[in-house]
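2 protein chains.
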Amino acid sequence: MEIAYKDIKVIGFDADDTLWVNETYFRDTEHEFAKLLSAYETENKIDQELFKMEMKNLDIYGYGIKGFVLSMIESAIDLSNGRINAASISEIMDLGKEMIMKPVEVLDGVEEVLSSLVDKYRIILLTKGDLLDQERKLEKSGLSKYFHHIEVLSDKKESNYKNLLEHLEINIDEFLMVGNSLKSDVLPLANIGAKAIHVPFHTTWEHEKVHDKEVKEVNGTYKTVGNIKEILELI
Amino acid sequence: MEIAYKDIKVIGFDADDTLWVNETYFRDTEHEFAKLLSAYETENKIDQELFKMEMKNLDIYGYGIKGFVLSMIESAIDLSNGRINAASISEIMDLGKEMIMKPVEVLDGVEEVLSSLVDKYRIILLTKGDLLDQERKLEKSGLSKYFHHIEVLSDKKESNYKNLLEHLEINIDEFLMVGNSLKSDVLPLANIGAKAIHVPFHTTWEHEKVHDKEVKEVNGTYKTVGNIKEILELI
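Protein chains in written order, with this note's numbering: chain E, 1 to 235; chain Z, 1001 to 1235.
Worth double-checking, as some hints may not be accurate.
Said to hold, decoys possible - Simulated pairs of lysine-lysine, DSS-like, Cα-Cα distance not exceeding 30 Å:
1) Z/Lys1157 / Z/Lys1056
2) Z/Lys1145 / E/Lys120
3) Z/Lys1145 / E/Lys183
4) Z/Lys1145 / Z/Lys1009
5) Z/Lys1145 / E/Lys35
6) E/Lys52 / Z/Lys1140
7) Z/Lys1052 / Z/Lys1097
8) Z/Lys1097 / E/Lys45
9) Z/Lys1052 / Z/Lys1183
10) Z/Lys1102 / E/Lys162
11) Z/Lys1009 / E/Lys162
12) E/Lys120 / E/Lys97
Read the hints as simulated data drawn from the structure, not as lab findings.
Just chain E, same shape as in the assembly:
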């Protein structure tokens, strides 16, 4: 099936791992966290327990670095049976602050794509996570001039996208979403009949992974490209 992009007026870009590196920093921090707790458990076990803790806390803390840090602290206390000391907890908080203050590494091709699209489309940044973090990253990235505005969603499910399109008065046929996460940036759009282009990043957070079955169901309704620059040839 050929996908028609000619009606597109508004393009939503995911931010983390679509415009700039993000997941890599979480992996690095998890590795540091495991080193800090190496007296208590293997890295593999620590990774698993931290992920379980993040999932347990997701409804309470939502997405973003601060909730991740709180889950690391809670995991550290559990994994050490309460033996972890204050100095190690300080180190965990410092890992979080480092993540927040990291410079932004814009991904290859992003600036070229945005500068080509900015005059023809209304471009918005659509992200979940922490508003302050995302505003700061956009600022540091030097990309803010390309965006009409930022919209931070508490989650990226079908209902969140529907509400957003309604609130921004965007017709579903006129909207295209671009992002690295099949689960958050592609499938919900495909399921509500909107267009999406998938630009995979080399690392995907466990929580963002999807079953092949879910992907097959919407087969042919979205495109996958190897590099973000390819979207210029598609639309």
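Go by the hints and put chain Z onto chain E.
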């Protein structure tokens, strides 16, 4: 000077301590925090040091409960000279989770005001803090039916309001802000020539307090009411 409200088309409501109780819970948690650290310092000293820590971390963590919890943990480590144990840190994290999960107490008169205004004005929720927390509170409050949408700002300074009005395509003469904080909900609006109504709450966070001088400078450009219901007589 008489303030003309006849052009108003859009009304922005602050959320915490304007629509529902919030600051009181922070005060309660601070009190619990001080009890937890009572072996190390007086409550007065603990309050002061926690506030200093919050201000030190504000640029990094922004507003909201998660940043507050991280600042409590960091303060607890400092105040105890690193002697605080993992069990006490767990208790601090539990205090934070309790705050996040608290039921929402809608303030007197709020529902009456919103239901009277909803057919005549576009009503938006304008808050700083954490998007997930604010969406959850709006849901629990039963007030979501009155709001056209929620806008979470990373801060509430003049520039944030200017960008917002531009993005929502709202003329400055057509906008009225209602809120409990002179610093965040009233003065920035008065300074950009927009209208604001101040509805004080009995408790104000130290960070939200303003100097008399700043208030005098915009004297006569906004109203203060004792109860939110009075805005129905003004507009």
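Under the constraints set out in the numbered hints, which ones does this structure not fulfil?
Violated hints: 2, 5 and 12; rest satisfied.
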